[in-house]
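A.B. asks: Sequence:
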Amino acid sequence: MDYETLLKRAKQRMPQSVFEKERFEIPKVIGHFEGNKTIISNFPLIANTLRRAQEHLLKYILRELAAPGEVNRSGLLIIGSKISASRINEKIKQYAHEFVLCPQCGKPDTDIKKEGEFSFLKCSACGTKTPVKSKI
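In terms of numbering that gives the first Met the number 0, the sequence shown has 42 at position 43, counting the first letter as 1, and numbering is strictly consecutive.
Treat the hints as calculated values from the structure; they're not laboratory data.
Treat the hints with care, as some may be off.
Derived pair list, reagent style DSBU-like, types lysine-lysine, alpha-carbon separation capped at 35 Å [claimed, not checked]: (1) K7 x K81; (2) K7 x K128; (3) K121 x K90; (4) K90 x K58; (5) K106 x K81; (6) K128 x K112; (7) K58 x K121.
What you are looking at is a predicted structure, and each value in this text was computed from that prediction instead of being measured.
Given these sequences and hints, build the entire structure.
C.D. replies: In structure tokens:
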């Protein structure tokens with residue numbers, strides 16, 4: 000058999016999910032300043048899109064921005080200093096690359112699994128299991 004025939008056969012046997020190219024988009028933060036505070040109104044939507052717990056994402060963002068903050072009862076993220084939306088978006092994108100997107104296939108179909116003292120990023124699209132670099 001020639002190379003082309005083997006290649007066609009291999010492609011036919013692969014799962015359809017390998018060929019899907021849906022774009023994964025992280026919503027941009029929607030917020031405003033209130034005195035010396037930054038209020039983000041769509042924080043729950045961002046956490047849901049990333050399929051991660053709000054607490055995990057919040058801890059990462061606050062640590063990276065070196066700012067105090069909390070999520071109030073109505074779901075608003077209140078950061079205790081004025082921080083630009085572009086800087087917050089940058090930190091959310093950083094979070095996605097570290098804790099959401101599979102380093103092998105680039106898809107967001109991952110979960111964080113804890114095994115003993117270590118956490119791993121397990122991809123349900125390609126099956127890759129990689130250690131999570133930083134602890135939160």
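A.B. asks: Hint check: K58 vs K121, CA-CA at most 35 Å. Holds or violated?
C.D. replies: holds, 21 Å
A.B. asks: Are K128 and K112 close enough, with their CA atoms no more than 35 Å apart?
C.D. replies: Status holds; Cα separation ~9 Å.
A.B. asks: For the pair we were handed, K121 and K90, check the Cα-Cα distance against 35 Å.
C.D. replies: Distance ~22 Å between K121 and K90 Cα, so the pair holds.
A.B. asks: Holds or violated: K7 with K81, Cα cutoff 35 Å?
C.D. replies: At roughly 56 Å apart (the allowed maximum being 35 Å), K81 and K7 break the hint.
A.B. asks: Given the hinted pair K90 and K58, is their alpha-carbon gap at most 35 Å?
C.D. replies: holds, 12 Å
A.B. asks: For the pair we were handed, K7 and K128, check the Cα-Cα distance against 35 Å.
C.D. replies: Holds, because 28 Å separates the two Cα atoms, which is no more than 35 Å.
A.B. asks: Holds or violated: are the alpha carbons of K106 and K81 at most 35 Å from each other?
C.D. replies: Holds, at about 33 Å.
Checked against the numbered hints above, the structure violates only hint 1.
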